[in-house]
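Protein chains in written order, with my numbering: chain A, 1 to 111; chain B, 1 to 117.
There's no promise every hint is true.
[Unchecked claim] Not close to chain B: a few residues of chain A, all C-beta gaps over 12 Å, as computed:
(1) P8
(2) G16
(3) L19
(4) S30
(5) V44
(6) V55
(7) K57
(8) L58
(9) T62
(10) D71
(11) A78
(12) T84
(13) K103
[Stated by the list, open to error] Among chain A residues calculated to face chain B with C-beta under 10 Å, some are:
(14) L11
(15) V28
(16) S31
(17) Y35
(18) Q37
(19) P43
(20) V50
(21) L88
(22) A90
(23) A92
(24) T100
(25) G104
(26) S108
In short, the hints are calculated from the structure, not lab data. No experiment lies behind these values; they were computed from the predicted model shown. Every residue, glycine too, gets a C-beta built ideally from N, C-alpha and C.
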Amino acid sequence: TQLLEQSPQFLSIQEGENLTVYCNSSSVFSSLQWYRQEPGEGPVLLVTVVTGGEVKKLKRLTFQFGDARKDSSLHITAAQPGDTGLYLCAGAGAGSYQLTFGKGTKLSVIP
Amino acid sequence: KAGVTQTPRYLIKTRGQQVTLSCSPISGHRSVSWYQQTPGQGLQFLFEYFSETQRNKGNFPGRFSGRQFSNSRSEMNVSTLELGDSALYLCASSSLPQTGLSYNEQFFGPGTRLTVL
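Chain B on its own, in the form it takes in the complex (with noise of 0.2 Å):
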């Protein structure tokens, strides 16, 4: 099975612009999860996405958004970049809830690293 993909790997942007990251999830999970990573804060939870609908959001601005698609891949967004939003972003894809567990089991892609300049 294949696992997470997330592109692009890397990406350089500057003040001002605006990006879209892409995930493909584990096929057959329908639960896809974003994270943004910075060596200072750790992995914080941007937002949730089942069955193309955002079920959780983190606290970030409204600068970050998504969607997902009907296959289940989704899209985040980031506006009118900052110079803090230089960070790693990590997708993470879940089998939840079909699968009967109490807990949550995330697979992670290996993330898109952002350079904003």
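Chain A extracted, bound-state conformation (with noise of 0.2 Å):
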């Protein structure tokens, strides 16, 4: 069974601060994604990360997924308050489509 362990578990932070969020296995992945929920709503895709040392941004985040593609990270830069919501990573094993999902990062950005 592949695990997801993120951490941490819980962040608050004031607007403007940076922030890291990690997402660690002992498992290897062939992607791995990160999606934010908001309350009351689904997860909403951000961004897929294939290749071992892959980075992609997407305006103030920033992922990266480890050369090993057993880990990723978040970091956001200059936090808002628009940024608030649960942050879920999710890998899938090497000829699967199968998802596993983390048990996410709840994150609060006091204004």
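Taking the hints as your guide, dock the two standalone chains into a single complex.
Structure follows, in structure tokens:
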């Protein structure tokens, strides 16, 4: 069974601060995705990374896939209240489309 | 393009009852997956349907079942409800494998919040 551990579980920061959340596993993933979920809604896909060492940027969000494809990080620069939500990582093993989700990092950005 | 829709959005049932939840995928998507989300366990995979066939199944008891219709709409059923079945049930659709992508991008509906009393 492939497990994804996300840390921290909870994060409360002031508007304008930077933050990094992590997604780690002992398993290798062929692809890894990050989703954001707001209260009362389903998760929304932010990015997919597929190559070891890959870095993708989405405005103030920077996503990195580890060289060994076992871990990933999400860095937010100058966080804003609109970034508040549950951030979930999800990975697919080699030869499989089935996604395994981490339990998420709940981010609160205080104005 | 309309997104994934789920009905109903909220449901309250009592122990022992059964419930049916519905999901309409994005037009053209033939893969539909169901997940259970709870604060303690996070998002857990229930099952996936493609072209009316269950293709993958998670580790849930037989009380949880599903089906998919020829128009790709899907339903999931939970029989003999237990208090622990209270959760947000999410449906996600995917265009795999038609796009030729090597990875699975899922588009989620808003979920059905089930409360079992």
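Going down the list of hints, with the structure as the test:
| no. | hint | verdict |
| --- | --- | --- |
| 1 | P8 | holds (15 Å) |
| 2 | G16 | holds (29 Å) |
| 3 | L19 | holds (20 Å) |
| 4 | S30 | violated (7 Å) |
| 5 | V44 | violated (7 Å) |
| 6 | V55 | holds (17 Å) |
| 7 | K57 | holds (18 Å) |
| 8 | L58 | holds (15 Å) |
| 9 | T62 | holds (20 Å) |
| 10 | D71 | holds (17 Å) |
| 11 | A78 | holds (27 Å) |
| 12 | T84 | holds (17 Å) |
| 13 | K103 | violated (4 Å) |
| 14 | L11 | violated (16 Å) |
| 15 | V28 | violated (14 Å) |
| 16 | S31 | holds (4 Å) |
| 17 | Y35 | holds (8 Å) |
| 18 | Q37 | holds (8 Å) |
| 19 | P43 | holds (5 Å) |
| 20 | V50 | holds (6 Å) |
| 21 | L88 | holds (7 Å) |
| 22 | A90 | holds (8 Å) |
| 23 | A92 | holds (6 Å) |
| 24 | T100 | holds (8 Å) |
| 25 | G104 | holds (6 Å) |
| 26 | S108 | violated (16 Å) |
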